[in-house]
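Protein chains: 2
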Amino acid sequence: MFPKNQQNRVRRIPERGHYDRATIYPIVDEALICHVGFSTDDNQPFVIPTIHAREEDTIYLHGAKASRLLKHIQAGNPVCITVTLLDGIVFARSVFNSSMNYRSAVLFGCGRLLTDDADKMHALVVISDHLARGRWEDSRKPTQKELDATSVVAVEIENASAKVRSGPPGDDEEDYALPIWAGVLPLRQEAGVIINDPRLEAEISVPDYLVNYQRGS
Amino acid sequence: MFPKNQQNRVRRIPERGHYDRATIYPIVDEALICHVGFSTDDNQPFVIPTIHAREEDTIYLHGAKASRLLKHIQAGNPVCITVTLLDGIVFARSVFNSSMNYRSAVLFGCGRLLTDDADKMHALVVISDHLARGRWEDSRKPTQKELDATSVVAVEIENASAKVRSGPPGDDEEDYALPIWAGVLPLRQEAGVIINDPRLEAEISVPDYLVNYQRGS
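Each protein sequence line maps, in turn, to chains A and B. Under our numbering, think of the first position of the first sequence as 6, with each following residue one higher. Under our numbering, think of the first position of the second sequence as 6, with each following residue one higher.
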């Protein structure tokens, strides 16, 4: 359970707020990407989408050594990492009560650059597993040169919260009598039909771990 | 065309960068939600997911009057608004060349609070149209009390860029001979089967504008 404070407290509709890892972390793990926020000295915010992976209370982010985002994080600046899963559009009879169904998590922490090659390689395995468990074993592993060209930062989650809405619209009692359709349009991120690399050798088939690919548990 | 500068320049893999409205705005319009970044005086960044809608060079955001995000924006602080569309996971033969297919847009600007009721109502129509064109006409419109409880901010897009990756993996030439599957797992946000509100009167059917709901053009 993360302590509720000024930073992570869900202010709007507090009953949608959650502070326990058991709610927050499955959201983080299901999301393929996160949005990382950082700000420069002149208070200019930046929000960058990137692949993440979680291990215990740590988020790993990686990228090219020259990445501005990673340079900023490795300098020890505070970051905010947000993941959002959209589950549907909620059409209430009134515009005012219309909403979205979603699960979002907002994580706060500071990062550090991984300098040990074994630590970096481990983080890359965690990130690869996050995308598709089984893929790392199949792949051509990073060379020393590639590893050197890659920065990996570990952000310790110091504080976090989730916000979740689910279920049907909640209209004002007097609006239920109106002759207006109401309900939920569910949304889901779905995997389509796999596209082989045009240069793939014909005899290599799609690996099992990508057949019926699904996020979440 | 937005001028390329320190703020919006795509540094990593610059050939994926775009600065023209014709590339950036369709990404903004297809995305159902954005992630808004702002930072407090102590340089603490926050990234909040929210519904947005674009009209010309303006992004409208709305929420409860008490929203920290909106209060911060209406105070004139700079914000960064990022939208990301995930199109697929790109499995190269090497871990290093594996990637994602995506279209993202990063917008910079400052906001102002809409104080005129007609302007607010107009912005709410634009937001409603963004979610589902046709819904506004069907819905029970905001009352004066609801309008008073809602803040709407308009962020003028001062600067922006998009970053786009598409297509098959790009492996190192010598890796193509490896006996490793490679290709793209396409991802798409799909609408599922519509769920009627349990309290819906039986004779009201799903409106046409929600049948075969799709984002993008």
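Do not rely on the hints blindly, as some may be mistaken.
[Unchecked claim] Keeping only pairs whose Cα atoms sit at most 30 Å apart, straight-line, the calculated DSS-like set for lysine-lysine is:
hint: 1; chain 1: B; residue 1: Lys-70; chain 2: A; residue 2: Lys-9
hint: 2; chain 1: A; residue 1: Lys-70; chain 2: B; residue 2: Lys-146
hint: 3; chain 1: B; residue 1: Lys-9; chain 2: B; residue 2: Lys-70
hint: 4; chain 1: A; residue 1: Lys-9; chain 2: A; residue 2: Lys-70
hint: 5; chain 1: B; residue 1: Lys-76; chain 2: A; residue 2: Lys-9
hint: 6; chain 1: B; residue 1: Lys-150; chain 2: B; residue 2: Lys-70
hint: 7; chain 1: A; residue 1: Lys-76; chain 2: B; residue 2: Lys-9
hint: 8; chain 1: A; residue 1: Lys-150; chain 2: A; residue 2: Lys-76
hint: 9; chain 1: A; residue 1: Lys-146; chain 2: A; residue 2: Lys-76
hint: 10; chain 1: A; residue 1: Lys-70; chain 2: A; residue 2: Lys-146
hint: 11; chain 1: B; residue 1: Lys-70; chain 2: B; residue 2: Lys-146
hint: 12; chain 1: B; residue 1: Lys-76; chain 2: B; residue 2: Lys-146
Worth flagging that the hints you see were computed from the coordinates, not collected in a lab. A quick note: this is a predicted structure, and the numbers were derived from the prediction, not measured.
Is B:Lys-76 close enough to A:Lys-9, meaning Cα to Cα at most 30 Å?
-> Given pair B:Lys-76, A:Lys-9 holds - Cα atoms ~21 Å apart, limit 30 Å.
Within 30 Å, alpha carbon to alpha carbon, are B:Lys-9 and B:Lys-70?
-> 35 Å, violated
Is A:Lys-150 within 30 Å of A:Lys-76, Cα to Cα?
-> Roughly 19 Å between the alpha carbons, so the hint for A:Lys-150 and A:Lys-76 holds.
Hinted pair A:Lys-9 and A:Lys-70, Cα distance within 30 Å = 35 Å, violated
Decide if the proposed pair is consistent with the structure: B:Lys-70 and B:Lys-146, CA atoms, cutoff 30 Å inclusive.
-> Within the cut-off at roughly 18 Å; holds.
For the pair supplied as a hint, B:Lys-150 and B:Lys-70, is the alpha-carbon distance within the 30 Å limit?
-> Holds. B:Lys-150 to B:Lys-70 sits at ~12 Å (cutoff 30 Å).
Does the structure keep A:Lys-70 and A:Lys-146 at a Cα separation of 30 Å or less?
-> 18 Å, holds
Agreement of B:Lys-76 and B:Lys-146 with the hint, judged by alpha carbon distance not exceeding 30 Å | Answer holds: B:Lys-76 to B:Lys-146 is near 24 Å, not above 30 Å.
Given the hinted pair B:Lys-70 and A:Lys-9, is their alpha-carbon gap at most 30 Å?
-> 22 Å, holds
Taking only the CA atoms, is the gap from A:Lys-70 to B:Lys-146 under or equal to 30 Å?
-> With a Cα-Cα distance of about 51 Å, the restraint between A:Lys-70 and B:Lys-146 is violated, given a limit of 30 Å.
Pairwise hint evaluation, B:Lys-9 against A:Lys-76, where the allowed Cα distance is 30 Å at most | 21 Å, holds
Straight-line alpha-carbon gap A:Lys-146 to A:Lys-76, limit 30 Å | 24 Å, holds
Hint check: violations occur at hints 2, 3 and 4; the rest are consistent with the structure.
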